[in-house]
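Engineer: These are the residues of each chain, in order.
2 protein chains.
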Amino acid sequence: MVMGRGYPEHCSLDEALKILSEEFGHIRSKTVTAKPADALGCILSEDISSKRNVPHYTASAVDGYAMSARSTAGAAPSTPVTLEGGKFWWVNTGAPIGDADSVVMVEDTSMEPGASANVGSERLKIFRSLTQGENVRAVGEDVMYGQLLACCGDKVTPALVSLCLCAGVENISIYAKPRAIFIPTGNEIASAELWLSGERASPGVVVDSNSAYAASIFESWGYSLDISPILPDDPDVISEATRRAASDYDLVIVSAGSAKGRRDHSADIFQKLGKILFRYVRMKPGRPAMIANICETPVICAPGFPMSCAVSLWSFAYPLAKMLSGERVAPDYILNAIGSRESLEAEFMVQHSSPPGVAEWLRMKCARVGENTFCWPLSSGASVLWALAEADGIAMLREESLERPKGSKVQIHLTKRVDLAKRLLFQGSDDPAVGLLVSIMRNKGMDLAIRAVGSMGGLAALARGEAHLAAAHLLDAASGTYNTSYIRQFSGDRDWRRKRIFYREQGIITAPGNPKAIGGFGDLAAGDVVFENRQPGAGTRVLLDYMLRENGLKSSDIRGYDHISITHMEAANKVASGVADATLGIASAADALGLHFIPIAREPYELVFCERFGEHPAAEALFDAIESVEWRDAVSRMGGYEFPETGDIH
Amino acid sequence: MVMGRGYPEHCSLDEALKILSEEFGHIRSKTVTAKPADALGCILSEDISSKRNVPHYTASAVDGYAMSARSTAGAAPSTPVTLEGGKFWWVNTGAPIGDADSVVMVEDTSMEPGASANVGSERLKIFRSLTQGENVRAVGEDVMYGQLLACCGDKVTPALVSLCLCAGVENISIYAKPRAIFIPTGNEIASAELWLSGERASPGVVVDSNSAYAASIFESWGYSLDISPILPDDPDVISEATRRAASDYDLVIVSAGSAKGRRDHSADIFQKLGKILFRYVRMKPGRPAMIANICETPVICAPGFPMSCAVSLWSFAYPLAKMLSGERVAPDYILNAIGSRESLEAEFMVQHSSPPGVAEWLRMKCARVGENTFCWPLSSGASVLWALAEADGIAMLREESLERPKGSKVQIHLTKRVDLAKRLLFQGSDDPAVGLLVSIMRNKGMDLAIRAVGSMGGLAALARGEAHLAAAHLLDAASGTYNTSYIRQFSGDRDWRRKRIFYREQGIITAPGNPKAIGGFGDLAAGDVVFENRQPGAGTRVLLDYMLRENGLKSSDIRGYDHISITHMEAANKVASGVADATLGIASAADALGLHFIPIAREPYELVFCERFGEHPAAEALFDAIESVEWRDAVSRMGGYEFPETGDIH
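Quick note, the sequences are listed as chains A and B, same order.
Quick note on numbering: the first sequence equals residues 252 to 901 in my numbering.
Quick note on numbering: the second sequence equals residues 252 to 901 in my numbering.
Possibly wrong hints are sitting among the right ones.
All copies of an identical chain are treated as equivalent in the list; a pair is satisfied when it fits inside any one copy or across any two copies.
Taking lysine-lysine pairs in the BS3-like style, the calculated list, with each CA pair at most 25 Å apart, reads [unchecked claim]: (1) 657 / 281; (2) 573 / 673; (3) 269 / 406; (4) 526 / 695; (5) 406 / 338; (6) 573 / 535; (7) 269 / 805; (8) 667 / 573; (9) 376 / 526; (10) 695 / 281; (11) 750 / 535; (12) 281 / 667; (13) 535 / 657; (14) 269 / 523; (15) 406 / 695; (16) 750 / 657; (17) 660 / 535; (18) 750 / 695; (19) 302 / 376; (20) 286 / 667; (21) 573 / 526.
If you are wondering where the hints come from, they were derived from the structure by calculation, not from laboratory data.
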């Protein structure tokens with residue numbers, strides 16, 4: 252932590268929280284009187300005492316006959332006592348016992364006909380002597396008049412709500428839930444309406460997704476959040492809005508754009524209006540967060556990138572909202588903030604290095620292969636929202652930890668219910684058709700996790716025991732055949748199974764209308780064509796190299812040979828967005844983006860399974876999915892696929 | 252499990268759940284289309300795919316200058332490349348880069364004055380050669396058009412809500428949250444309104460607390476629950492209402508009164524309307540639960556006692572609501588149902604025996620003394636709601652477990668945030684004034700757990716290391732002095748501290764106006780006076796015995812000498828409710844209930860502390876509380892108390 256312009260900068264998350272609790276630990280949102288049922292989850296600002304005895308009358312605790320215990324003196328199975336009508340009467344459980352003082356259970360009695368035949372003349376034989384108050388619920392047995400029911404600081408639970416009702420407590424005093432507002436700013440920000448309608452979806456425009464996330468996460472915490480209209484990048488407008496919000500609300504969040512210049516003027520605004528408590532936190536994402544005290548109201552300046560904004564809300568908005576509503580902030584509050592109920596230890600499947608001196612929030616995906624539970628971080632960009640939605644949970648790497656070698660253990664705080672026993676881990680060649688298997692597997696109660704690591708990467712992972720299945724379409728230049736030689740190379744003496752699930756068309760993908768008139772690989776060598784390649788080990792790259800040799804070309808002849816995309820869709824997108832003129836990929840990727848496609852090869856796409864695959868609970872579901880009409884129809888619709896008579900390869 | 256009239260009876264909780272999931276596992280509440288933001292926490296009934304590329308344009312990932320990578324070829328610190336104005340332009344993070352293909356970070360450049368002084372004539376020196384696409388966010392980097400965002404069966408999270416917005420997904424298909432209704436029945440049941448207004452608080456009337464609890468617990472689960480008007484005990488009315496509810500709702504809960512007869516006619520009704528799936532569950536409380544399938548709608552008959560009703564809701568309403576809303580029911584679902592986030596292992600402080608063959612739900616309170624974490628069940632009656640509100644958590648004893656000897660371990664699923672390190676355990680003589688310390692301790696961020704076990708019980712617990720402090724007012728008949736001899740007897744060679752916190756008035760408590768004209772102990776021996784005594788070891792009982800001897804009386808002379816109440820208020824309540832004519836107790840108990848009081852003795856009430864008490868984090872808070880004006884004023888208001896000059900005893 253260093254001192255900036257009169258306030259701490261670059262503090263750790265712990266330091267930041269300490270500052271917040273010192274500054275706001277004793278500030279509360281106002282106290283209000285409420286009916287207990289309307290105050291569920293709120294914190295009491297005053298003790299509650301019972302206004303009644305519960306029960307308020309002496310009640311029978313059983314079904315039986317009420318009477319005076321004295322009248323049963325000496326009663327026993329051998330020496331029953333007989334009572335005349337009028338000295339006893341039937342009571343249901345919960346019924347008042349009148350001037351009786353005890354109740355005999357019906358099974359300890361028998362009814363005798365009376366002297367006369369008149370109703371009520373029956374006599375009751377009792378086989379057990381009673382003590383006073385036996386089988387009776389005394390007045391106040393549950394709670395007594397004046398008894399303390401709950402204390403200031405307690406949370407209103409369903410049990411307390413109904414207990415208050417029983418005890419005649421009509422109103423209670425609670426801390427109101429904090430009134431909070433979120434203020435999006437930035438000329439480039441489009442409202443959800445204009446964005447969805449397409450009216451404002453032009454280049455440079457970004458949708459106001461932070462407001463949507465903030466409102467939802469507050470809802471998940473049990474708080475409501477007002478959303479302000481989007482403010483332009485005008486310091487005076489933002490300053491006035493912030494000032495007003497700080498006086499009208501208990502908690503204010505200003506979502507500053509992510510551009511550096513803009514963050515600076517938020518700092519100037521905050522400093523003019525109040526006192527900046529800290530700026531910049533040593534964490535990633537979320538570094539640019541800043542918090543000020545403006546007329547005794549906490550005001551958070553959250554960075555604009557979606558992930559940075561989310562992390563700021565978890566780290567600061569959640570504990571502040573808790574403090575304001577009178578709730579103690581537990582040391583592990585962050586788990587509640589992200590909605591995690593359980594944690595899991597897993598080992599990194601890939602080496603991970605964090606920036607020095609910075610705590611890192613990783614969105615992790617997990618899978619269990621054999622005895623090992625593996626995990627890998629999903630793309631970690633502050634601008635990437637998908638990873639947060641897709642992740643199984645969050646790993647928080649502390650500042651100290653820099654290098655996390657492959658295989659090192661990490662705690663993952665699960666934000667979803669995952670059943671790893673039912674999840675298959677696929678590593679291998681990327682294909683959108685494989686992606687379609689995920690939802691079919693899910694519908695069968697199973698799960699499929701996919702890592703696109705290329706054909707060779709998949710076979711290598713399978714060999715290392717880091718995948719249940721892989722996929723390959725590797726052309727052996729020497730033999731002209733697919734996969735066999737590669738699989739032999741990786742499997743060694745293991746007994747791997749293969750299944751050919753489809754043939755797919757590979758070709759050259761160009762912009763619509765093929766503006767650069769590309770006919771074949773020769774044209775790729777023309778100096779003005781920018782090519783987008785795939786990563787080493789990808790079957791498609793192997794195919795490219797094969798084709799280049801066939802056409803007497805060298806990799807150096809191709810501009811962009813070193814530009815790497817990880818998936819077919821990513822590469823095709825480079826073409827669609829004009830970053831590249833051409834790429835090699837499958838027909839379905841070209842179709843999806845409406846690009847031009849020049850067919851080159853029809854290749855077999857094969858799944859390869861580890862030796863013990865059959866024992867996995869999800870194995871059968873996968874085979875069913877591959878055979879399913881549902882999947883094959885969906886794949887056919889994508890274009891460029893054919894299914895074999897039989898997939899089995901012997 | 253045995254077969255009843257065509258349906259299973261007395262099944263275990265596991266058997267009951269198996270029946271439910273087989274019967275309703277595939278029934279869903281209807282699917283609806285909703286805006287993602289309105290569907291938070293709901294389950295998707297269809298996959299969601301992206302309708303846009305995110306980002307939808309090529310954007311700069313940094314603040315810097317956009318340009319063509321080719322124009323930087325060979326640039327290095329030693330050999331910078333200089334670009335004329337027009338060949339580069341400033342871009343903020345997130346801005347579109349137009350027809351540039353890369354961005355150089357501002358720190359890798361320096362601006363040079365141009366040939367002319369015209370604006371825009373400046374030239375840019377670049378010290379680093381760029382690769383195509385460097386510092387650029389490609390189209391679709393976050394999600395790509397057509398990409399699967401979430402699957403049928405996934406839960407709508409805040410991240411998914413904002414991701415859908417970015418991806419242009421305006422509507423999604425979800426399973427609606429189940430429409431559920433709760434139908435209270437019973438002639439003796441009063442509505443909350445009539446109960447609170449006092450209009451219906453007569454003997455035999457019970458307030459409809461189950462509806463209040465059910466509505467609150469559903470709210471805490473994220474579901475809403477309709478509450479029907481209270482129905483009379485008329486089979487036709489209940490039958491018609493149940494039939495209608497089963498056709499209008501996805502889940503129906505009929506709260507039958509607890510009287511046996513009434514439960515029977517619910518069974519007849521259910522059997523006429525549909526199919527009873529099971530009746531009676533081998534658990535306590537909650538045994539009388541019954542569930543039927545009435546026109547494909549699950550209908551629960553919940554017992555009337557508050558605790559039995561709560562347990563039925565946790566056990567059956569929760570998993571059924573989850574199934575209906577398309578969510579998988581986890582094996583440990585009950586923890587979510589009761590709202591428990593963490594568990595704790597503790598040892599029984601008292602021996603506990605469960606009824607044979609029945610699973611038991613215990614409401615537990617915990618405390619840590621030294622190294623040991625102790626727990627004890629709060630009163631376990633099915634009619635007692637206070638215990639549920641007061642408990643730290645729930646222990647579920649399985650059917651197998653019968654005898655739990657003192658010291659045996661049990662898992663407690665905490666339903667509250669408890670910080671045992673800050674909680675003191677008081678065991679000893681009961682006094683309402685001590686109860687008032689709890690809320691004062693809480694306000695100091697500390698906590699106090701109280702077990703009223705009598706003066707001797709407290710000293711014994713202290714000697715066994717099962718309490719931080721005890722309290723005693725034990726009269727030594729021989730010496731006529733208080734406590735000293737007893738403390739010596741229990742402390743042995745331990746160095747216990749004593750603190751006299753007040754003097755209190757003990758006396759004979761009778762009905763208002765003292766109808767039996769009791770003047771002293773002699774009158775208690777009159778045959779028509781029913782006395783209420785305290786438990787052995789209670790200082791008040793010791794005082795009684797002393798007084799009886801002084802008056803030349805024997806215990807056998809006192810009717811009710813064997814009737815035992817555990818607290819002063821409980822004993823006084825026996826008098827107030829007419830179960831007893833007189834008891835010995837403190838003035839404040841008589842005052843609280845408006846009873847007649849005949850002063851007998853002024854006795855010193857002393858706290859006794861274990862040797863290491865001073866090291867406890869809450870010790871200081873307790874001493875402050877005892878000295879506090881707040882507490883002393885409150886105690887004085889109760890009447891019958893005096894405070895000593897100094898409490899210290901040497």
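Engineer: Hint by hint, say whether it matches the structure.
Structural biologist: For each hint, the structure was consulted:
1. In this assembly of identical chains, residue 657 and residue 281 lie within 25 Å of each other by CA distance neither inside one copy nor across copies; the values are 51 Å within and 46 Å between.
2. Taking the shortest alpha-carbon separations for residue 573 and residue 673, only the inter-copy value of 20 Å comes in at or below 25 Å, while the best intra-copy value is 37 Å.
3. In this homomeric assembly, residue 269 and residue 406 come within 25 Å of each other (Cα to Cα) only inside a single copy, at 24 Å, whereas the closest approach across copies is 34 Å.
4. With identical chains, the CA atoms of residue 526 and residue 695 are never at most 25 Å apart, being 56 Å at best within one copy and 29 Å at best between copies.
5. In this assembly of identical chains, the alpha carbons of residue 406 and residue 338 never lie at most 25 Å apart, being 49 Å within a copy and 64 Å across copies at closest.
6. In the homo-oligomer, the alpha carbons of residue 573 and residue 535 lie at most 25 Å apart inside one protomer (24 Å), although the nearest pairing across protomers, at 36 Å, exceeds that limit.
7. When the C-alpha separation of residue 269 and residue 805 is checked against a cutoff of 25 Å, the pair qualifies neither within a copy, at 61 Å, nor between copies, at 66 Å.
8. In this homomeric assembly, residue 667 and residue 573 come within 25 Å of each other (Cα to Cα) both inside a single copy, at 23 Å, and across copies, at 15 Å.
9. When the C-alpha separation of residue 376 and residue 526 is checked against a cutoff of 25 Å, the pair qualifies neither within a copy, at 84 Å, nor between copies, at 40 Å.
10. Within a single copy, residue 695 and residue 281 get their C-alpha atoms only as close as 50 Å, which misses the 25 Å cut-off; across copies the closest is 20 Å, which meets it.
11. For a Cα distance limit of 25 Å, the shortest separation of residue 750 from residue 535 qualifies neither inside one copy, at 43 Å, nor across copies, at 55 Å.
12. For the homomeric pair residue 281 and residue 667, the shortest alpha-carbon distance between copies (24 Å) is at most 25 Å, but the shortest distance inside one copy (35 Å) is not.
13. In this assembly of identical chains, residue 535 and residue 657 lie within 25 Å of each other by CA distance solely inside one copy; the values are 21 Å within and 51 Å between copies.
14. Taking the shortest Cα distances, residue 269 and residue 523 sit within 25 Å of each other inside one copy (24 Å), while across copies they are farther apart (64 Å).
15. Proximity of residue 406 and residue 695 under a CA criterion of 25 Å is satisfied inter-copy only: 16 Å between copies versus 41 Å inside one chain copy.
16. Proximity of residue 750 and residue 657 under a CA criterion of 25 Å is satisfied in neither setting, with 30 Å inside one chain copy and 61 Å between copies.
17. In this homomeric assembly, residue 660 and residue 535 come within 25 Å of each other (Cα to Cα) only inside a single copy, at 20 Å, whereas the closest approach across copies is 43 Å.
18. Taking the closest pair of Cα atoms, residue 750 and residue 695 come within 25 Å of each other only inside a single copy of the chain (21 Å); across copies the shortest separation is 68 Å, beyond that limit.
19. With identical chains, the CA atoms of residue 302 and residue 376 are never at most 25 Å apart, being 41 Å at best within one copy and 81 Å at best between copies.
20. Within a single copy, residue 286 and residue 667 get their C-alpha atoms only as close as 34 Å, which misses the 25 Å cut-off; across copies the closest is 21 Å, which meets it.
21. Taking the shortest Cα distances, residue 573 and residue 526 sit within 25 Å of each other inside one copy (22 Å), while across copies they are farther apart (47 Å).
In summary, the numbered hints that this structure violates are 1, 4, 5, 7, 9, 11, 16 and 19.
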